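K.L.:
Going line by line, the protein sequences match chains V and Y.
In terms of our numbering, the first sequence has 344 at position 313, counting the first letter as 1, and numbering is strictly consecutive.
In terms of our numbering, the second sequence has 413 at position 423, counting the first letter as 1, and numbering is strictly consecutive.
Hints are computed from structural coordinates only; laboratory data are not their basis.
A portion of the hints provided could be inaccurate.
[To be verified] Below, a sample of chain Y positions facing chain V; criterion: calculated Cβ distance under 10 Å:
no.: 1; residue: Leu66
no.: 2; residue: Lys134
no.: 3; residue: Trp420
Being a predicted model, the structure only gives us computed values, none of them experimental.
Built from N, CA and C at the ideal position, the CB exists for glycine as well.
Residue-level listing of the chains:
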Amino acid sequence: MKKRLTLLFVSLLAFGCVDETYDLSTLKSDELAIGDDNSVFTAPLLTLSVSIGEISNGNVDLVEMCREADAWLPDVLPGGAEAVDVETLMGERGTEAQTAYLTGPDGLLTALMDEIDADPQGGKLVEIAEMIHGSERYRKAFDDLAPGLFPSDAQLEEYVGVFQSLYGEPGTRELIRSGIESCARQFLTLDLNMTVEAFVLDGIDVGSDVRKMITGNGDGKVSISLFGDIATDLPLEFSAEPSFKRGAGPTASSGETLFRFPVFTVSAENELPTAIAETEISSEALNTLFEEQTSINLQARLKRYFPRQEVTSRQGIVAHLKVRRKGALIFNN
Amino acid sequence: MKKFLLVSTAVLALFGAAAQNPTLYFMRGVPMRSQMNAALAPERGYVQIPLLGGLAVADDGNIALNNLVYRRGDQLTTLLDPSVSAAEALSGLHDRNRINADVRTTLIGFGSYTANRKNFWSFDLNLRAGASAQVPYELFHFFKTGESSRVRNMGVAADTYVEAGFNYSWPVCDRVYVGARVKALIGLARTRFYFNDFNVSLGEDQWFAEAVGELEANGAGVSIPTRTEVDGNGVPHEYYELNDMSFKPKKPAGYGVAFDLGVAYEPIENLLLSAAINDLGFIAWSKKGAVHGSVNRTLTFDGAQVDASGVADIDFNLGDLEFEKIGDADGKGMTRMLRYAMNVAAEYDLWSRRVGFGLLYQMRKYDYMLSHDLAASVNFHPVHWFTLSGSYSFIDNGANAVGLGLNLHPGWINFYVATDVLLTEKTRQWVPIGQSRMYVNLRLAIPLGRRGLRLSDLDCDR
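Produce the entire structure from the sequences given, and follow the hints as far as they go.
P.N.:
Here it is, written out as structure tokens:
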């Protein structure tokens, strides 16, 4: 009897130590995670390299545009300025400001003509003449302005010589001056701008595991944002409002905008890259970036131009975009 | 990598190892005692009831179930689940987290005294399975915090084999007994996969992953399917799909031999000193049906490089960190030592041997660690057919588990059970929650023949 009671007591003790709520059959092991719900991860997303070949003013590439600009601008900007205010030239600060900036006492055109008059046989007039000779558009403009005065099919040296002599003649001086002013005004107010071609991104193939880790499982627990930096070594200051659209080519312009960054300004004067403000993005939009074809449009607008700077094919714009993700990185079994 | 983590966690959480239960060592009537020291013999001969005759399950490591599995609501989840915070998950882990599992199932077992009732022989056929896992702290730290980590020397190893052993124990003089067991081994399957190096870094400017490791498997019925992928140079690569690994043993995959050696010495009356070394041997695994794979890859992702020509190729697929098949034909054969063990004990009896006090030191060599244990034991033999033992381990016994053993051998049956999970908190599946070690031994046998006449077996009832 004693032995039975002893055995019963031990059995009760043994089973009494069983934690019924600790049931290994309910063990959930289909999710492995890096971090926890409070973790923050960053990852590189893409590096966009814009070469000078992808930048133009709609008519000519950036190198040619800068050459023209350097020709139509005085060598020394009024007031000792380092750069030309393109926004004022475009009339964005009003017509009065535009007129004053061009033809006022400290205007660009005023300074240009003063520079030419100071040395009519000098380099500025030669530079303008050479640029006109090299441009069919400008040659036609001057032929229309002064018919028969400019030799047709003349070589560069001959053309420059004729240009200088016509500017020196009292009877043709004003005609040539007005032609120079007119062409300079037209270029500076209409053609000094920049357009960056859209880029096509055919997805980012990092494997489904990594993609799902970054974009999440669509359960709403993750917060994703994009941020980065952008820099340029071109003699420009421009604003940009990058956007990503679904699709590419002709369909891209009407395609769905996945997300857009707020406007920011990039300048060659900055020693450090310009920060691209952190912008929240949905998991679905980021997933589209990874999985589908999208187009990237910088939507750049020229704000200032720094004349007389070297412009080569090695220069361009580089933007780095990164992902910031809050929450654990999940990879499912 | 996912498969490795889940297998490791499963081994860590579910298996319990150590077929060398310290409680058993001092239980005189238990036939299994001779498997811990070949010089020791039970009080009578025996025939074990097939399949029900003996089961030994043990777990020996340095982490417990509650370091790996956490309660969340009405579910359990692993420490790698995002709902488990880093602080909570990492607090119970060690620099090297190890667990070792051993299961011994006796299929056939019998033994008897010779005519002089001092020499004892036995034969047993056992199915043995063992597994070891080592997972460094750095790996858990990375998974819980996302911080860059360099992980070295992590792996899982497992094997299963059949052993047929013949044991003989005899006196060399009045007070000294020696014993030896020779075992023929038939290997069924073994596998080992490990990473010498696993580095990962998730930075703002670059994601980086590097893995260096190998996979080995031997077994006539081991099957691991592969998938073929072509790299950027047009070269095909075959990767093992460990998730679909199957094991259906058809025939032996290797042969080997092992020895157990033991000695017992009674310098003065009632004091017994003993020592033994077990599982000294090896198995030569055949190369037929062997699998060999390796991984040595570095992946970096700096972001997609986009320019006017498009997007440059990206080489960052975590699937490439899986084991690649090496060679077209069978893998390589290899010879592997068994996980040997050593027992050194002292036992002193009082009151006509009705009460005994024992001290046992155990050492066992596993794949990733050398395990040590020191246990004290108290043994009650109020009558010759009843033994109640209790033991307490002093090393890695964070749960303060007490081992208990009960042996009943009235003459027509020999039943014993010994475990250290009886009085500790455990799951519904009787897996201890807070213990890093666990022993469960169960055996049923039919006594045979007359009792032996060894000095240490005499008690007041004689």
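K.L.:
Sort out which numbered hints this structure fails and list those numbers smallest first.
P.N.:
none
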